[in-house]
Amino acid sequence: MLDVRTCASLAEAAGILSGDRQALLVGGGTLVMRDVNEGRLTDGTLVRVTDPALTQMSLSGARLELGAGVTMAMVLARPELAFLHGAARAIGGPAVRNMATIGGNLFAPMPYGDFTTALLALDALVVVQSGYGAGRPVPLEEFLAARERGSQGMVTALQVPRPQNPQHFHFRKISRVKPKGIAVLSIAAHLPLAGGRVAQARIAYGAMAPTPMRAKGVERALEGRALDAATLAAARQAALEGTRPETDAIASAWYRREVLPVHLARLLAGAAR
Amino acid sequence: MAKHPVQFRLNGSDRATFVDGAENLLNTLRRGLGDFAPKYGCGQGTCGVCTVLVDGEPHLSCLTLAVACEGRHVETASGMADGPDFHPLQAAFMDHFAAQCGFCTPGMLTAARALLAKNPNPTRDEVVEAISGNICRCTGYEPIIAAILAAAGSSGARRA
Amino acid sequence: MLEMRKDLFADERDDNLNEVGKGSQRQDMPGHVTARTRFFDDHAFDGLLHLKVVRSPHAHARIRSIDIAAAARAPGVKRVLRGADVPVNKNTLLSLINFGKDDEPTLAVSKVCYKGEPVVAIIADTEAQAHAARKLVRVEYEPLKPVFDVEEALKPGAPVVNETYPGNYFEYHERFDHQKLRFGDVDAAFARADQVVEARYQMSPIEHAPTETNGTIAAPEHNDRYVVHSCAQGLFFSLGTTAKILNLESNRLHFIGGTVGGGFGGKVDSLTEPLAVLGAMLTGRPVRYVLDREEEMLTGSPRGAERIYVKDGVMRDGRIVARHIRSYFDAGAYTRLSSYAAIKCTAHIPGPYSIPNVSSDVYVAYTNRCPSTAMRGFGVTAVDFAIEVHMDRVAEAVNMDPMELRILNAYRDGDMKAHRRVAKNTALIECVQVAAEKAGWPLSDTARRQTSVASGGAGERGQIPATVIDQRGQIGRPDTRTGGPTQTLPAGTTRIALSKEPVMEGARDGRAAPTQVPRYEPAPRHEPARAQPPAYAPQPAPPAPSYQPASPPPAPPAPAPSPAHTQHGAVRFSSVFGTRRR
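Chains as they are written, first to last, in UniProt numbering: chain D, 1 to 273; chain A, 1 to 160; chain L, 1 to 582.
Only chain D is shown next, with the shape it has when bound in the complex:
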């Protein structure tokens, strides 16, 4: 049978999670409770954390630190996080945004996880705590690779480098239902421009692989170039490199591959303006 334990401190929760293989952290509930309701999760312990540290935000430095329990609604309430508002608003309706956490989004299976896609393009770090030790920052890309292999500790916070120019960060979620729907795919792009040329481009896709992924081929095609027609054509050419989309109720893998280059080109054309 499934039970629940409420922990007042992160350390207590981390201890339970590292000692009990059947223990699972529940944040906003949007992922875990679905499995409970549909009868997939019937045994073990749900661990709740009421530690206020989990929802703390430190927004002053160049690297923002957000507790893993920060909800999408909390992100939307902070003007300092305006560059993330597009991605936060893309998550569900208002009720989901009051519940869904940025830490939980890291575990959302395809085609979910749009906020994580945005964070991936921002080179975010995930603070992972194992046992009673201190948290250890792990690059998000590395964390997602480990997630696919099934190994992970407890996520306590996210560190997000603030983009120097928020105008250089772009996010698009493609849905078939308006105004809100589950992602056919999502694209996040951080395209810092130096002298009209892209430097250190970061492109991330959601729903194009089992976890959000970096589009490294596109990044290479953009690096050091102006966002002109030739560059856009090259980026389009490289759009599908490394993608492993799946067929689900929202879209077929074929459809996702067909439309990705189109939406990528639109996003880049918008960035060039």
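Keep in mind that a hint or two might mislead.
As the list claims (entries may be wrong) - Part of the chain L face toward chain A, derived, beta carbon under 7 Å:
#1 27
#2 35
#3 44
#4 47
#5 425
#6 428
Stated by the list, open to error - One-sided excerpt, in silico: chain A residues whose CB lies under 7 Å from chain L:
#7 32
#8 34
#9 36
#10 56
#11 101
#12 102
#13 104
#14 105
Because the hints were derived from the structure by calculation, they are not lab data. Just so it is clear, CB atoms sit at the ideal spot from N, CA and C, and this is done for glycine as well.
Model the placement of chains A and L on the given structure of chain D, informed by the hints.
For chains A and L alone, kept in the frame of chain D given last:
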């Protein structure tokens, strides 16, 4: 397995009950406390028929652990009317034919109520956004949007 | 906005409407907005038990064994049900009106025919306990080759989906493997047409996705009855189905419902009622069986897919002189209501057009898909889609405006339809004219001058043509599957309406009644519509003398005696279901 005690305010009244550990708020409200306003539609956060307010903010009761509501204020559509008098949203829903089968109506009213509490004069786009997590399979949404705008006393054109 | 076009057909209608065109508050609205409306699940019961179903993970498999021992011992489990616990574990929905053979178990016994088919039901104190026990049921399957395509399913040697119908087709009147419509001579007309336009259309299955999933709460009541809070759209249909499956007198079932949280056709199959009541009977406790969203989407029956071939013979001026439709309705694994859908499809052919030569062959094919059911105009919607897209193709082929093509070919009052009934109250022309007007679509003066109430029924338009008939697709006669015409009925000949036959032959002795041997008679001559009162004119009664076909069709092999088809008392003819008991 031991039951967990939980106590919260429900539509202004203090209520207490015992729940199974992983029990969701929806089941506690319906089967434990007899408030059948929130419905079960998907159990996965897609349809919005279980929408309730927790401390004034819309939440999906099917994805909320009942024990997480300890000490909080839960409001459902059952508590909207002021005694025998309809809430303006309820009256507007009636006038605008904003319910057909009625199954999404409690959740839809609750989402609208949360919007108007924060934003008494919303635009049409803001109304659409506020109910974007609530599925209606009968009306096509237009009568619902019209009803919410009417309840707000807003044409939607002013700020749109 | 609503616009009343009272200028149209003004002389056919009294203009004394009291409610139409005016707003009126629904009586259930206060309940809806106060959340006091009670849906089936909004009822409190002390000691409520929860039922969950173990479903087949395979589209087609033989069941080798079912082991429920561990599940029965699991915490909170009160009862585990298998097929053997269901009193009448084979049913077809329309058996209540003696239509079709029982073909579907409530819980699968020897094989599963679609992914998601119920195999075992678990009743426990809580939903969580039922979920946990569900994982402990061990079912050993031997996967079988599935068939998912309607045309593949009808090929010789295809896997047998539904053992009640080993040919993978529904058997109409125990005689034909499809529904037939024959009017005139399409082959001759195709030969003389200026052009033949042919195309294939496919419509996918569609899930109703009601916000309220299918479900039932059943509880023992006083007086040895069971109260049943049901989501059913057809409450008495569901009551009858439940009574039959549980072998109960129907007056022991007290169904309460009518408040449906979205149905659209998806709540007529009694997916949950029989097991919930059976659970209440066997446990003596209230039992709640509600599909979760995934079950609703994957196993709550959808609108059936259809594949439709349309072939039109067209003259250079746009007149359609022949239409042949071959259609395959995907029933999924069991019949449910698909047999009726194909009849509706046939009844709709050739669409609202006056075409002198029409034939159609509509098949209901079984595949290893989720059984399909009713949904808003099912049977008609897909063929309408095919016909109207095809009309556009025909317009293109003859280089004609698609709106004008429709006006040219539209039914007028007094035209003889392919079903040998006279068209009346037709209005397609006016609808197209108004649509064109609203869309700013230019119409020629000729098209604008047309009306549904003039020139209908003139000359051959009002007559039944000489009709070529065949025995194609006779069950048990594979040689007839592609056979040609067997005879031509003279012009004016129509089938005898069986309402004129007080008792079917063979019905009184309690044996299976021979099903509808076609008999024919000259049809009444119809005067052009203007010569008779246009609206509400009673159907002229067919004259008494009957025309017998010169050479009666070969008799089909004797059908196996089947109690479900025993006729008692007088038999009434229904255009939808054939014969039915009164």
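Checked hints:
{"no.": "1", "hint": "27", "result": "violated (11 Å)"}
{"no.": "2", "hint": "35", "result": "holds (4 Å)"}
{"no.": "3", "hint": "44", "result": "holds (6 Å)"}
{"no.": "4", "hint": "47", "result": "violated (12 Å)"}
{"no.": "5", "hint": "425", "result": "violated (29 Å)"}
{"no.": "6", "hint": "428", "result": "violated (26 Å)"}
{"no.": "7", "hint": "32", "result": "violated (10 Å)"}
{"no.": "8", "hint": "34", "result": "holds (6 Å)"}
{"no.": "9", "hint": "36", "result": "holds (4 Å)"}
{"no.": "10", "hint": "56", "result": "violated (19 Å)"}
{"no.": "11", "hint": "101", "result": "holds (5 Å)"}
{"no.": "12", "hint": "102", "result": "holds (3 Å)"}
{"no.": "13", "hint": "104", "result": "holds (5 Å)"}
{"no.": "14", "hint": "105", "result": "holds (5 Å)"}
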